[in-house]
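Novice: Listed below, chain by chain, are the residues.
There are 6 protein chains.
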Amino acid sequence: MTATFRRAEERAADALRPVRITRHYTRYAEGAVLIEFGNTKVLCTASVEERVPPHKKGSGEGWVTAEYGMLPRATHTRGDREAARGKQSGRTQEIQRLIGRSLRCVFDLAALGERTIHLDCDVIQADGGTRTAAITGAYVAAHDAVSWLLAQSKISRSPIKDAVAAISVGIVEGTPLLDLEYTEDSACDTDMNVVMTGSGGFVELQGTAEGAAFSRAEMNALMDLADKGIRDLLAAQRQALGLA
Amino acid sequence: MTATFRRAEERAADALRPVRITRHYTRYAEGAVLIEFGNTKVLCTASVEERVPPHKKGSGEGWVTAEYGMLPRATHTRGDREAARGKQSGRTQEIQRLIGRSLRCVFDLAALGERTIHLDCDVIQADGGTRTAAITGAYVAAHDAVSWLLAQSKISRSPIKDAVAAISVGIVEGTPLLDLEYTEDSACDTDMNVVMTGSGGFVELQGTAEGAAFSRAEMNALMDLADKGIRDLLAAQRQALGLA
Amino acid sequence: MTATFRRAEERAADALRPVRITRHYTRYAEGAVLIEFGNTKVLCTASVEERVPPHKKGSGEGWVTAEYGMLPRATHTRGDREAARGKQSGRTQEIQRLIGRSLRCVFDLAALGERTIHLDCDVIQADGGTRTAAITGAYVAAHDAVSWLLAQSKISRSPIKDAVAAISVGIVEGTPLLDLEYTEDSACDTDMNVVMTGSGGFVELQGTAEGAAFSRAEMNALMDLADKGIRDLLAAQRQALGLA
Amino acid sequence: MTATFRRAEERAADALRPVRITRHYTRYAEGAVLIEFGNTKVLCTASVEERVPPHKKGSGEGWVTAEYGMLPRATHTRGDREAARGKQSGRTQEIQRLIGRSLRCVFDLAALGERTIHLDCDVIQADGGTRTAAITGAYVAAHDAVSWLLAQSKISRSPIKDAVAAISVGIVEGTPLLDLEYTEDSACDTDMNVVMTGSGGFVELQGTAEGAAFSRAEMNALMDLADKGIRDLLAAQRQALGLA
Amino acid sequence: MTATFRRAEERAADALRPVRITRHYTRYAEGAVLIEFGNTKVLCTASVEERVPPHKKGSGEGWVTAEYGMLPRATHTRGDREAARGKQSGRTQEIQRLIGRSLRCVFDLAALGERTIHLDCDVIQADGGTRTAAITGAYVAAHDAVSWLLAQSKISRSPIKDAVAAISVGIVEGTPLLDLEYTEDSACDTDMNVVMTGSGGFVELQGTAEGAAFSRAEMNALMDLADKGIRDLLAAQRQALGLA
Amino acid sequence: MTATFRRAEERAADALRPVRITRHYTRYAEGAVLIEFGNTKVLCTASVEERVPPHKKGSGEGWVTAEYGMLPRATHTRGDREAARGKQSGRTQEIQRLIGRSLRCVFDLAALGERTIHLDCDVIQADGGTRTAAITGAYVAAHDAVSWLLAQSKISRSPIKDAVAAISVGIVEGTPLLDLEYTEDSACDTDMNVVMTGSGGFVELQGTAEGAAFSRAEMNALMDLADKGIRDLLAAQRQALGLA
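Protein chains in written order, with UniProt numbering: chain A, 1 to 244; chain B, 1 to 244; chain C, 1 to 244; chain D, 1 to 244; chain E, 1 to 244; chain F, 1 to 244.
Since the hints were made in silico from the structure, they are not lab data.
Since we're looking at a predicted model, the values are computed, not measured.
Just so you know, not all the hints are guaranteed correct.
The list treats identical chains as interchangeable, and a pair is accepted whether it falls inside one copy or across any two copies.
[Claimed, not checked] With a Cα cut of at most 30 angstroms, we get these calculated DSS-like pairs of lysine-lysine:
#1 K228 / K56
#2 K228 / K161
#3 K57 / K161
#4 K87 / K154
#5 K154 / K57
#6 K161 / K87
#7 K87 / K57
#8 K228 / K154
#9 K56 / K161
#10 K228 / K57
#11 K87 / K228
Assemble the whole structure, with the sequences as input and the hints as a guide.
Specialist: Shown next as structure tokens:
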């Protein structure tokens with residue numbers, strides 16, 4: 001497979017956009033991370049609440065859940081404000097359910113105790129990959145919230161079992177690419193979001209053929225790219241958390 | 001990997017449940033198919049409407065869209081009626097978006113002309129795999145609607161480019177299984193829905209680790225199973241349509 | 001009054017369409033009945049829930065309630081899905097309130113104990129008379145649910161005091177007709193739905209002049225027809241339940 | 001049948017409560033009538049709008065429609081405000097649909113021309129019979145709106161074909177009663193709302209057995225009462241309109 | 001500043017429209033006041049409920065809250081019914097929040113005890129100043145509800161600390177005017193609603209420049225007018241309550 | 001009046017918190033301003049849309065409108081996400097209506113032409129004064145959007161007639177203070193939001209007595225403070241826009 005598609009700013013097919021992770025971006029949340037994948041900017045806050053949803057009451061276990069939103073003009077053209085329209089779109093719900101599942105997969109809910117960590121992922125600026133940036137940033141915010149719980153002696157050991165990060169891959173004009181930006185995403189034939197743990201397992205895999213169907217060989221190429229990208233993101237997370 | 005999990009009714013790990021496809025299940029729709037995967041029963045109707053949604057107006061192209069619902073007591077315990085609650089759940093929206101994308105992938109929207117095919121997939125009885133049964137049945141209903149359009153001389157050639165079918169696979173107690181029924185789905189560690197075309201390409205791939213993350217080897221095993229299952233479903237579709 | 005209107009398939013003015021009652025149509029509900037009045041097909045399930053709505057809490061009495069829905073393409077042309085629109089129409093609410101009142105009228109709520117029977121009536125195919133078919137079928141489903149409660153020793157005697165069934169009657173081109181099908185319903189001047197018990201009392205009576213007002217003599221003719229039709233339906237219920 | 005139930009204020013079983021009809025109760029509406037059935041007070045306004053709903057566009061015909069509401073403290077204990085709750089109850093929708101059908105039955109929509117008469121019936125004080133008072137008052141308001149249309153030369157002849165009025169009847173402790181007030185309505189076994197035209201035909205008939213089913217003889221007794229009551233209401237309407 | 005604008009019916013710039021306060025306008029509410037500012041008529045009911053909203057539970061304090069509505073044809077042209085549209089407008093919410101705050105300001109919530117007074121202000125006829133009439137009338141209704149609580153010995157001393165009334169002022173064609181009616185309100189450059197207590201303090205002040213911004217001098221002129229008008233309203237309240 | 005209340009960080013009673021205005025904070029909007037009043041941070045974007053709402057169609061005039069939102073964890077404790085709850089609160093609607101009116105007051109809508117400027121004010125971090133920061137920042141964003149329109153030659157002269165800015169003032173423990181932060185706002189007796197133009201006129205004035213009513217003298221003291229604060233904000237706006 002020969003990479004023929006020319007990416008913006010001479011980016012290599014297997015290169016991430018510059019990743020920046022800023023902790024303590026806002027003051028009040030137990031975790032507050034601005035994560036940037038190039039021009040995509042997502043504010044991920046983690047809020048600890050000392051109660052659980054009904055289905056966990058009395059279970060001794062906690063809960064980790066996520067909500068996702070996009071500021072109306074995060075995008076190239078203004079979108080409707082979901083609060084004004086009175087409901088969240090199917091896309092928004094799909095994304096926030098994905099973020100929630102991804103984070104829960106690395107949490108020991110019993111060790112968390114009967115409390116909830118709310119992860120709010122709000123897109124300040126969108127240039128493709130907002131859901132993968134959200135998952136990657138939400139992990140760092142959740143880690144900070146857990147550190148706060150430990151510092152407050154509300155828990156005695158971390159309920160976090162592993163790290164988790166996510167990246168998009170896709171095929172544009174026949175070329176498999178890592179970390180699609182908006183113009184690439186719009187032009188791609190196949191689009192895949194991959195969520196993996198620090199130990200290399202898959203948590204979520206969502207591949208969609210936009211135009212033509214994709215082959216198993218193409219899928220394998222995309223997963224090799226994703227594997228590389230996620231390793232870089234895990235390193236960025238560790239560095240941001242001072243664990244590197 | 002040794003298959004140790006014992007399935008109901010001596011089913012082999014790589015066996016589908018009995019598949020039944022009944023065309024003309026109701027009288028008025030242009031396509032009306034009851035599809036059964038074992039105890040899962042989904043009524044898929046295809047309705048032709050001579051207009052398109054706003055984003056297609058004047059484009060010369062048609063549209064294919066899907067809605068999904070579940071009768072309140074399709075399931076083991078009664079669920080809320082979404083119409084009474086006043087909104088569709090995130091799960092429902094996720095599924096109907098998946099069905100719509102899967103079907104559009106095999107349609108030449110220009111050849112369809114400026115009209116819409118509505119695919120309504122309503123679950124009469126649910127025992128796991130409702131979304132994959134819905135996609136597989138909706139294809140047959142859409143095919144019947146297209147035959148009706150041809151018979152009515154509203155179009156001169158079929159806009160259907162390829163067949164499409166879907167199946168679930170998963171890992172239960174370490175065993176990769178094809179076509180999960182409800183009790184298997186509830187117990188599984190990894191759950192994957194695979195949508196493929198008649199020519200063997202992937203349209204959608206959605207894998208989720210329910211408990212532990214899954215490895216690339218496990219994923220490959222699951223995709224081999226899915227590949228086999230989908231081939232059987234495509235044959236069942238052809239037979240139902242009298243094309244075999 | 002001379003019957004001049006010619007009905008489809010040589011049906012007599014005072015004849016029901018063929019009635020078919022299929023019990024155990026789905027697997028999971030405590031009662032699950034497909035009822036057919038000619039081409040009208042309604043799936044009626046009865047679900048037992050071991051709790052009551054707030055207004056019955058602590059009363060020692062149970063509750064019987066109904067919900068009604070129509071699959072989008074049950075009809076000649078596709079209707080909106082109420083769950084997608086986000087609300088039930090006034091017509092839907094009117095019908096489900098009627099079904100609930102009709103069934104409660106034959107129930108001894110104290111003998112039911114503090115539990116609820118939910119009757120879900122979903123129209124699979126609509127050719128007129130869906131609400132009357134729903135009431136007639138819901139009675140059989142409720143009867144099965146009560147048998148299940150007795151078999152489970154949750155109650156020691158049946159809370160069902162009497163049977164209940166319903167039929168439509170109307171005046172089309174001056175001719176009083178029993179059990180209107182869709183084309184007759186659309187053309188009728190007067191339309192009446194009658195709900196009666198096994199012992200011949202009225203439970204509900206809803207007559208509407210679509211065009212011209214109707215006289216007392218016409219009303220009496222309609223009620224004679226309804227009386228005959230309901231007797232036939234009660235017999236069909238008894239036969240389906242093996243009580244004949 | 002012997003009347004044994006003692007009514008408040010020595011009212012006879014076949015007597016209406018005092019009926020008062022006040023025209024021009026508010027200033028701006030084309031028709032604005034306060035109607036009182038004893039302590040029940042409903043403000044009925046008729047508003048002319050020079051357009052029709054989509055299903056009447058281009059038909060040359062007009063439309064007559066009704067909305068019903070109850071002030072939160074019209075009743076003995078305060079009820080929720082429907083606007084605050086965000087939806088109209090099933091009961092409200094049922095009533096406003098009944099009012100609309102009843103009034104349309106006496107209108108020649110072609111003679112009305114492509115315009116809409118909106119009838120807003122708002123209950124200021126509720127002591128039983130609000131829907132029948134609403135229909136009876138709405139007719140007077142509609143009549144005033146039609147007079148306004150004639151005076152404005154927007155139409156050249158009245159589209160009103162006949163008068164229409166409504167009353168409730170019911171059986172309380174075995175006694176058939178005319179025009180139930182709230183305490184009677186709460187205690188009744190059978191409750192029937194009857195809508196009739198000036199020429200004595202039925203427009204709507206809605207009978208409900210609250211407790212035990214009712215017999216044909218009881219129904220006939222109720223309809224005799226209703227017939228008498230409606231005659232009195234028609235006279236009151238004519239007098240209010242200066243037509244007596 | 002010279003008053004050049006000619007008001008309807010020779011009204012002076014600093015004159016209120018005729019104020020009428022009718023207590024016991026309806027039968028069931030603990031307070032029920034029809035207040036009229038000229039052609040503006042608002043029905044204000046006060047309903048006592050023996051419980052408080054969640055944020056006051058267990059506090060020992062009560063709550064005073066308000067809801068506002070407008071009958072669809074209270075206005076010159078018919079407006080949508082908010083209950084039918086499924087939500088209250090921003091304007092409605094703004095007004096009912098204002099009424100609630102204004103009344104709470106003169107209530108000693110601890111002396112009220114753990115109960116709620118609901119103030120429902122429904123506009124029967126609107127000719128400008130509905131929110132100020134609502135506040136002024138709601139005070140009288142609340143006073144009656146408190147008298148009822150005292151008479152019922154549910155409380156031993158009145159929780160009302162002071163009277164409260166409200167009026168609008170505005171600048172029309174350069175002339176500062178008291179108590180704007182609808183045509184003045186539509187034409188005004190500046191519109192201010194002033195809420196004051198019996199002892200002369202401000203509770204709420206809401207000034208809006210409709211066209212050009214207004215100066216401090218203009219604001220002072222408006223507040224002088226408001227001060228005079230409120231004094232007259234306080235006198236009218238006292239007289240209506242038999243306290244004058 | 002002696003200032004006795006001690007403010008955080010030795011702030012004087014008549015001092016603003018540090019004001020920072022960052023233009024071009026995001027990439028895609030025609031105007032994108034982050035405004036900070038101390039710890040309060042609001043992102044204000046201005047989006048140009050080449051169409052107007054229905055009430056302006058064909059008028060030759062444009063429209064300026066605003067929406068307001070708060071990220072769930074902008075505050076000390078997490079608030080509900082309005083999009084998830086399915087509606088905007090009364091407070092949110094009140095604020096966005098205020099922002100819209102304030103900005104329209106300085107716009108010549110005819111000079112804008114038939115297009116809309118959407119002002120989205122999203123609170124990233126909230127420490128009191130979010131609505132006044134939003135108005136002050138929205139003006140700068142709107143100015144940038146107008147410069148873009150001029151640069152694109154879509155308009156030939158600026159429709160902005162004057163600058164506009166807003167500040168809160170209040171009385172805390174008897175001391176009149178400028179620019180309340182959250183803890184002051186929670187403790188204040190009187191809270192007033194003042195919106196003024198560059199030429200010193202009032203656009204909006206909203207004063208609320210939280211506890212005790214306030215006197216005319218207090219109001220005058222507050223307006224003197226507001227006047228000073230707004231002058232400082234106008235200077236900050238000019239400096240940010242390079243007009244100083």
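Novice: Would you mind marking each hint as holding or not holding in the structure?
Specialist: Hints, verified against the model:
1. K228 / K56: neither (37 angstroms within a copy, 39 angstroms between copies)
2. K228 / K161: within (21 angstroms within a copy, 35 angstroms between copies)
3. K57 / K161: within (23 angstroms within a copy, 40 angstroms between copies)
4. K87 / K154: neither (36 angstroms within a copy, 34 angstroms between copies)
5. K154 / K57: For K154 and K57, the Cα distance is within 30 angstroms both inside one copy (18 angstroms) and across copies (28 angstroms).
6. K161 / K87: Classified as neither: same-chain Cα gap 34 angstroms, cross-chain 36 angstroms, threshold 30 angstroms.
7. K87 / K57: Close inside one copy (27 angstroms) and across copies (25 angstroms); limit 30 angstroms.
8. K228 / K154: Intra 37 angstroms, inter 47 angstroms, cutoff 30 angstroms: neither.
9. K56 / K161: Classified as within: same-chain Cα gap 20 angstroms, cross-chain 41 angstroms, threshold 30 angstroms.
10. K228 / K57: Neither way: K228 and K57 sit 40 angstroms apart in one copy and 43 angstroms across, limit 30 angstroms.
11. K87 / K228: Neither, since 37 angstroms and 40 angstroms both go past 30 angstroms.
In terms of the numbered hints stated before, the structure departs from hints 1, 4, 6, 8, 10 and 11, listed from lowest to highest.
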